[in-house]
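Colleague: Kindly generate the complete structure, drawing on both the sequences and the hints.
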Amino acid sequence: MQKYHYIDQNTENGKYKLGMKLVERGNFLINSMDLRQVSKKYLVDLSIKTGQTTHLGILDGHEGVYIDKVDGANAVIRYSMIGRRIPLHSTAIGKALLSFQSPEMIEHLLKDYQFVKYADNTITGKEEFLDELDKVRKLGYGLDNQENEPGVRCISVPIQNRENKVIAALSISTLVARVNDRDLQEYITLLKKVGKELSQQLKYTP
Numbered sequence: 001m002q003k004y005h006y007i008d009q010n011t012e013n014g015k016y017k018l019g020m021k022l023v024e025r026g027n028f029l030i031n032s033m034d035l036r037q038v039s040k041k042y043l044v045d046l047s048i049k050t051g052q053t054t055h056l057g058i059l060d061g062h063e064g065v066y067i068d069k070v071d072g073a074n075a076v077i078r079y080s081m082i083g084r085r086i087p088l089h090s091t092a093i094g095k096a097l098l099s100f101q102s103p104e105m106i107e108h109l110l111k112d113y114q115f116v117k118y119a120d121n122t123i124t125g126k127e128e129f130l131d132e133l134d135k136v137r138k139l140g141y142g143l144d145n146q147e148n149e150p151g152v153r154c155i156s157v158p159i160q161n162r163e164n165k166v167i168a169a170l171s172i173s174t175l176v177a178r179v180n181d182r183d184l185q186e187y188i189t190l191l192k193k194v195g196k197e198l199s200q201q202l203k204y205t206p
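Residues 1 to 206, numbered by the working numbering, are exactly what the sequence shown covers, in order.
Hints were generated in silico from the structure; no laboratory data involved.
Note that the structure is a prediction, hence the values are computed from the model and not measured.
All C-beta atoms in this analysis are idealised placements derived from N, C-alpha and C, irrespective of residue type, glycine included.
Please note: incorrect hints may appear among the correct ones.
Taking lysine-lysine and the DSS-like style, the derived pairs with C-alpha atoms no more than 25 Å apart in a straight line are [stated by the list, open to error]:
#, residue 1, residue 2
1, Lys41, Lys203
2, Lys193, Lys69
3, Lys192, Lys40
4, Lys193, Lys49
5, Lys193, Lys135
6, Lys69, Lys192
7, Lys138, Lys111
8, Lys111, Lys135
9, Lys203, Lys192
10, Lys193, Lys203
11, Lys165, Lys69
12, Lys138, Lys196
13, Lys41, Lys192
14, Lys193, Lys165
15, Lys49, Lys196
Derived DEER-like restraints, expressed as beta-carbon distance ranges [to be verified]:
#, residue 1, residue 2, range
16, Glu128, Arg36, 30 to 38 Å
17, Asp45, Tyr113, 28 to 36 Å
18, Asn161, Thr122, 29 to 37 Å
Modeller: The structure is reproduced here in structure tokens:
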């Protein structure tokens, strides 16, 4: 634990104390809890209006992680859960979180990144993924078109704070067999509207 800075040892008396890593993780959890409280009504509202499962995710290291979820009345997607870590390259939330980071941060996170193939549509190369991130920035939302789970399409928008930084992403998960392209476009319009409202709630100013 000392090696990874979870505890520190006093060189004079040999006693241990909490390290900076735990302090960082503690702040991470506190900030996540505050974000969940503010975002909850938006997740619920989205789920009610679409009948689909909604998620709130954040960037943690080289992955995304779900910090909240609301199951939709018409949804049968049950693979996701709060606390589940998700890849950046094959999920809508991952794309929305990463696209709006600085070029330096993107390069750092993709250094030695493993583009694991989860489905036929999974992006498996860095250059192709960078093109995808550019597309996300232009459209304002991320799309997982059966790239992480066969038969599942997800859409996601970034959430920005008062410092104009992307700190989270909202998503809607759908089944291809139940949600057609027209309905998906309606969900995208609604999701972008809700994402804008939540960002404004967090004092983001365009």
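Colleague: Would you mind marking each hint as holding or not holding in the structure?
Modeller: Here's how the hints hold up against the structure:
Restraint check for Lys41 and Lys203: satisfied, since their Cα atoms lie roughly 17 Å apart, inside the 25 Å limit. Simply put, Lys193 and Lys69 have alpha-carbon atoms about 19 Å apart, close enough for the 25 Å limit, and the pair holds. Taking the CA atoms of Lys192 and Lys40, the gap is about 16 Å. The hint holds against a cut of 25 Å. For a cut-off of 25 Å, the pair hint linking Lys193 to Lys49 stands: about 13 Å separates their Cα positions.
The straight-line distance between the Cα atoms of Lys193 and Lys135 is roughly 19 Å, inside the 25 Å bound, and the hint therefore holds. For a cut-off of 25 Å, the pair hint linking Lys69 to Lys192 stands: about 18 Å separates their Cα positions. Restraint check for Lys138 and Lys111: the C-alpha separation of about 24 Å stays at or below 25 Å, so the hint holds. Of the supplied pair hints, the one linking Lys111 and Lys135 holds, its CA atoms being roughly 21 Å apart against a limit of 25 Å.
Among the hinted pairs, Lys203 with Lys192 is consistent with the structure: their alpha-carbon atoms are about 17 Å apart, no more than 25 Å. A hinted pair counts as satisfied when its Cα atoms are at most 25 Å apart, and Lys193 with Lys203 qualifies at roughly 15 Å. Note on Lys165 and Lys69: the hinted pairing holds, with a Cα-Cα distance of about 22 Å set against a maximum of 25 Å. Between the alpha carbons of Lys138 and Lys196 the distance comes to roughly 16 Å, so the proposed pair stays at or under 25 Å and holds.
Restraint check for Lys41 and Lys192: satisfied, since their Cα atoms lie roughly 15 Å apart, inside the 25 Å limit. With a CA separation close to 18 Å, the supplied pair Lys193 and Lys165 stays within the 25 Å bound. Distance check on the hinted pair: Lys49 and Lys196 sit about 17 Å apart at the alpha-carbon level, within 25 Å; holds. Roughly 33 Å separates the CB atoms of Glu128 and Arg36, a value that falls within the hinted 30 to 38 Å.
Between Asp45 and Tyr113 the beta carbons are some 34 Å apart, a value that agrees with the proposed interval 28 to 36 Å. At roughly 31 Å, the beta-carbon separation of Asn161 and Thr122 lies within the given 29 to 37 Å, and the hint holds.
This entry satisfies every hint, going by the numbered hints stated previously.
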